[in-house]
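J.: Construct the complete structure from the given sequences, taking the supplied hints into account.
Counted from 1, the sequence shown has number 73 at position 73 by our numbering; the numbering is strictly sequential.
I should point out that these hints are in silico values taken from the structure, not numbers from a laboratory. Mixed in with the good hints, there may be bad ones.
As the list claims (entries may be wrong) - List of simulated lysine to aspartate or glutamate pairs, EDC-like, C-alpha gap at most 20 Å:
1. Lys80 / Glu164
2. Lys215 / Asp246
3. Lys80 / Asp162
4. Lys215 / Glu241
5. Lys215 / Asp82
6. Lys215 / Asp245
7. Lys215 / Glu79
8. Lys232 / Asp260
9. Lys215 / Asp77
10. Lys232 / Asp259
11. Lys232 / Glu79
Keep in mind that this is a model prediction, so the values were computed, not measured.
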Amino acid sequence: MTVPRAERERRLARSTASARSAQSCCTSPVSMMKFPVVGPECSEGLMPGPTYTSRSNLDPLPARPPSRIVRGMAESDREKWDARYRAGPVSAGDPAWLLEFVGDLPESGRALDIAAGAGRVSIWLARRGFEVSAIDISPVGLALAREAAADEGVQIATHVTDLEREPFPEGPFDLVACFHYRQRALFPLIAANIAPGGVVVAELATVRTLERRPKPSRRWLARPNELLEDSKGLEIVYYREAWIDDRHVARLVARRPVDDD
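T.: Below, the structure written as structure tokens:
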């Protein structure tokens, strides 16, 4: 259903105001799992659910504060994505290519959506019965995700998180989704936090994208077969690298073996 322009602008204005007025950190009641965050907090719409006992709480941020350069990069990334989400419109609808692999996914459980943005993948997972934690650097994007989830009649927990500065959320997770966010050391962390029988679904643009367009920076682009190399120890259900319009993307569905505990 297409949201009228006036309604979309009203939501963006309300989302921005909410993000500016929120607190600087949050602890989610979902799963008793702490997500230490920096910047505006997005506590609205936190999803109630069963209590899980974590192995331990996440370690606090390092005692030594990040350098000015690192802080500046984080703020720059946050501002860039906030501006992009305010500009609208954002992608909507189901992640079409994943529909072919529904039978390979768990039927329910705890799901983590990395770089969730406006919540397209998070909402799809919530509709399928997952208890979803959506993390992203942009409070504006996550505010849109909560709005969209409410429109769909589902709930997701949102957490403003900068994975370049903060600890990875502690698992185990039954499903981890990572779309269009690359951090070189990220996928070994994902694999380590997947429950036995759990699944990773991912899509990243590769460096070949630069053959047809000047952006994004190589920092965000995967090398050929990078996802495969970083998924050692997982069973590969599906992997493909191909052109989609002017982007060259790698797509992965991988599972942690059930007896791997």
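J.: Against which earlier hints does the structure fall short, listed by number upward?
T.: Checked against the structure, the only hint that fails is number 11, while the rest are satisfied.
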